[in-house]
Amino acid sequence: MDRKQVDQIIKDGKKRRARAEKARQKHKQEGRALYRDDAGNPVMRPSFVVYLDELGTSARASAMTDDDLSDDLAAYDELRWMLHDESASSDSESQRTLYFSDNVVIVAPCDPRVHEDDFGLFYKVFSAACYQLNMSIRGRYMRGGIAVGDAYADHSFVTGPAHLQAVIMEEHEAKNPRVLLDDMSLQLARAEVANGGHVNPGDSAYATFLLVDADERVFVNYLPAASEDEWMRPGDTDLGLASHRNRVMEALQATAGSPDVHAKFEWTAAYHNYVCAEFYTRDDLAIPDVPVVAFRRFI
Numbered sequence: 001m002d003r004k005q006v007d008q009i010i011k012d013g014k015k016r017r018a019r020a021e022k023a024r025q026k027h028k029q030e031g032r033a034l035y036r037d038d039a040g041n042p043v044m045r046p047s048f049v050v051y052l053d054e055l056g057t058s059a060r061a062s063a064m065t066d067d068d069l070s071d072d073l074a075a076y077d078e079l080r081w082m083l084h085d086e087s088a089s090s091d092s093e094s095q096r097t098l099y100f101s102d103n104v105v106i107v108a109p110c111d112p113r114v115h116e117d118d119f120g121l122f123y124k125v126f127s128a129a130c131y132q133l134n135m136s137i138r139g140r141y142m143r144g145g146i147a148v149g150d151a152y153a154d155h156s157f158v159t160g161p162a163h164l165q166a167v168i169m170e171e172h173e174a175k176n177p178r179v180l181l182d183d184m185s186l187q188l189a190r191a192e193v194a195n196g197g198h199v200n201p202g203d204s205a206y207a208t209f210l211l212v213d214a215d216e217r218v219f220v221n222y223l224p225a226a227s228e229d230e231w232m233r234p235g236d237t238d239l240g241l242a243s244h245r246n247r248v249m250e251a252l253q254a255t256a257g258s259p260d261v262h263a264k265f266e267w268t269a270a271y272h273n274y275v276c277a278e279f280y281t282r283d284d285l286a287i288p289d290v291p292v293v294a295f296r297r298f299i
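Per the numbering used here, the very first residue in the sequence shown carries number 1; after that it's consecutive.
Heads up, some of the hints might be wrong.
Here are the simulated DSSO-like pairs of lysine-lysine, each with C-alpha atoms no more than 27 Å apart in a straight line [said to hold, decoys possible]: (1) Lys22 / Lys11; (2) Lys14 / Lys26; (3) Lys15 / Lys26; (4) Lys14 / Lys4; (5) Lys15 / Lys4; (6) Lys264 / Lys175; (7) Lys28 / Lys15; (8) Lys26 / Lys4; (9) Lys28 / Lys4; (10) Lys11 / Lys26.
Simulated from the structure, these hints should not be mistaken for laboratory data.
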């Protein structure tokens, strides 16, 4: 190889690195677009933060096989669009979503220009409900928090008080497989119920997709998401509810020797029974021999 060839290789390498650096900078700037001021400086903004954690990951990972890995990836590939659809420009332009193992965080600036009453909160509640339901009928259960406050997010980094609050809710307050709402989120939900133009407050979507637990904490009521496609695929509701029942019964049996974990699935079974009875009058889909929990409707 002569000197001319060596020089050309070096020149080509510099060009490739320059193109790669340009692409990285473009990606970085696109990621930061939602959270910067007019001068281009990164800033926190009032935002919704949804933080979800999949339960039982440590136990599953310790015995994971290649087949298990394939199943996990297939489930994530199939379902994660419910939280963030890369093909939808509206998602790319309105929120940032980061995944780490079994954790996911969604950060979206509040937008009073488009959603006057709840600033877009319901979209976060509904997407969390759809994801929870579809993960649960695969035997995966989610715990998490939805918080409102200052936050920052780009394609690789998230921080801020609202992010911290959502994480604290998941790690220290949720306890059972439920996604809690913080006080500010509840204020926005109640404002939509009061000011959303509903003839009956029960007509608000929050009346369906939020529940109050026995400890007075409000959480995402995910099971009614089973009915979303009933108009297009008759029988979807029964299939979703029955699949959820079967997975919860399997979890109860599998955790019978672990009281702390078993208690979480007793709660999930009680939740299943409440929704089947209260929202669907389907006692035939109930899980037998489950302690009753004093849930009540949000509205």
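Here's how the hints hold up against the structure:
With a C-alpha separation of about 17 Å, the suggested pair Lys22 and Lys11 falls inside the 27 Å cut-off, and the hint holds. For the hint pairing Lys14 with Lys26, the CA-to-CA distance comes to about 18 Å; that is within 27 Å, so the pair holds. At roughly 16 Å between alpha-carbon atoms, Lys15 and Lys26 fall within 27 Å of each other, so this suggested pair holds. This hinted pair checks out: Lys14 and Lys4 have alpha carbons roughly 15 Å apart, not beyond 27 Å.
Proximity of Lys15 to Lys4 is assessed by CA-CA distance (about 17 Å); at most 27 Å being required, the pair is judged to hold. Between Lys264 and Lys175, the direct Cα distance comes to roughly 8 Å. Compliance with the 27 Å bound is thereby established for this hinted pair. This hinted pair checks out: Lys28 and Lys15 have alpha carbons roughly 20 Å apart, not beyond 27 Å. Only pairs whose Cα atoms come within 27 Å are accepted, and Lys26 paired with Lys4 is rejected, the gap being roughly 33 Å.
Between the alpha carbons of Lys28 and Lys4 the distance comes to roughly 36 Å, so the proposed pair goes past 27 Å and is violated. Our distance criterion of 27 Å between C-alpha atoms is met by Lys11 and Lys26, whose separation comes to about 23 Å.
In summary, the structure is inconsistent with hints 8, 9 from the numbered list given earlier, while agreeing with the others.
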